[in-house]
Every structure is written in C-alpha cells, then in structure tokens.
Amino acid sequence: NAGVTQTPKFQVLKTGQSMTLQCAQDMNHEYMSWYRQDPGMGLRLIHYSVGAGITDQGEVPNGYNVSRSTTEDFPLRLLSAAPSQTSVYFCASSYSKGGQAYEQYFGPGTRLTVT
Amino acid sequence: GENVEQHPSTLSVQEGDSAVIKCTYSDSASNYFPWYKQELGKRPQLIIDIRSNVGEKKDQRIAVTLNKTAKHFSLHITETQPEDSAVYFCAASIEGYSTLTFGKGTMLLVSP
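Chains as they are written, first to last, in our numbering: chain A, 62 to 176; chain B, 99 to 210.
To be clear, the hints were calculated from the coordinates, so they are not data collected in a lab.
Treat the hints loosely; a few may be bogus.
Rough simulated footprint, nothing fancy, chain A against chain B, three-plus residues with beta-carbon under 8 Å [unchecked claim]:
no.: 1; region: 165-174
no.: 2; region: 197-207
Here are some of the chain A residues that sit facing chain B, going by a computed Cβ distance under 10 Å [said to hold, decoys possible]:
no.: 3; residue: THR76
no.: 4; residue: GLY77
no.: 5; residue: TYR125
no.: 6; residue: GLU133
no.: 7; residue: ASP134
no.: 8; residue: GLY160
no.: 9; residue: TYR166
Ideal Cβ placement from N, Cα and C applies to all residues, glycine included.
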C-alpha cells in the first residue's frame, strides 16, 4: 500500500492564483481530513469528510473548498491564494470500527508559499 | 468546540533523563487521546493513544496517563535518547467522530 499520498510536494503561487492540492489514499478509509500547520500553531483542521459525497468545515475553512467524489480522493482547492495561506498542508485518513476511532495516517505534506 | 492546551512549548533534557509533556482539554465528551511525533520535515506519526476507559497505557519507554476528572493527560518518555528529539503533539476527539483537535506542540530536544 502507498498509504496517503499528496501532490505536489512544493508549490509557489502568486496572490490571487488558484490551485488544487491532491490527496489520495489506498487503505479504503472512510474518513479524510485536511490540516494546515503553521509555526507555533499546531495542526488546524480545514475541512473533513466522513465518506464519499459528504464534507464539512473544520476550524479554518475560509478560502478553501473540498469535494469527495470517491473514497480514495480528497482534493483541496485554494480559490484565490493569499499570503496568509502560506503553510504546510497535510492530508490524513482514518477509519473507525465498532464506534472506536483509530489512527489518523498523514500524507507527506505540501509546502505552499504565496507571494 | 474542543480546545486542547499543551505545555511546555519547548523542553530540553539530557540523554537518559525523563521527559513529561502535559495537555488539558475542554470538552468532557472527548474520550480518545492520541499522541503524535513529528520529526523535522516529516509527517506526524502516531506513537501512543489512550481511551477514556483506562487511566494509563505503556509501550516500552513511552507512557500516557489520563485524568478524566481534571481533563488532563500526559506523555511520559523515560531514558530519553537523541532520536527522541522531535515535536510532539497531543490531540483529543470524541470516538465515532472523525476529527482530532490538536495541541500546539512541544519541541523536545535531547542532548547527548
């Protein structure tokens, strides 16, 4: 299994540009999430999905859109990039069984710089 | 929503010493508490987790304790080694929900 994969690894955008960060998992996990990581701020939840066709907002959703058309893929779209969106973005997937939560598996991250 | 506070933000110890990182949470409904380790430039990886039906869990040099009454949980690393140097994150969630709320992280530096 490849686990959770993310592309690209690095990206530089100009203010106002749009782009999509790709995330895929091959573990058949129902749950997928996007986090951003900024120095001293920990990991903050942007959007998450509990299954194909179902998404919801996290703590910091403004400026981002998501969709979940398949179990495997969960892309994150930046609509109009701003310097405040400079960050490292992590995608994660997980599952639950019998009501118990299990480990979130993280992708390798995408380092985004907006100039 | 849930709020997780983590202390200290940085921790320096000598090799062989013990290290303790503490977290508090606000939502009494939270019942799943994982700890993640993130090495420089790498992704976070789960090192240990605890559920609210137990008070302590150990895995070799790592242990986690949970005090539900005080809404407090801690990570204990004994006999620290230089390879333990990393950022450690605590998190909390309600089982059956898919999201985690993370603390801001603790940078642990173990000096030889």
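Now for the hints, and whether the structure bears them out:
1. 165-174: violated (count 0)
2. 197-207: With 7 residues closer than 8 Å to chain A, the region 197-207 of chain B meets the three-residue bar; holds.
3. THR76: violated (26 Å)
4. GLY77: violated (29 Å)
5. TYR125: Result: violated, 15 Å to nearest chain B Cβ.
6. GLU133: It is violated, given that the least Cβ distance between GLU133(A) and chain B is near 16 Å, above 10 Å.
7. ASP134: Given a least distance of 17 Å, the restraint on ASP134(A) is violated.
8. GLY160: holds (5 Å)
9. TYR166: holds (8 Å)
Figure legend: structure checked against the earlier numbered hints; hints not met, in rising order: 1, 3, 4, 5, 6 and 7.
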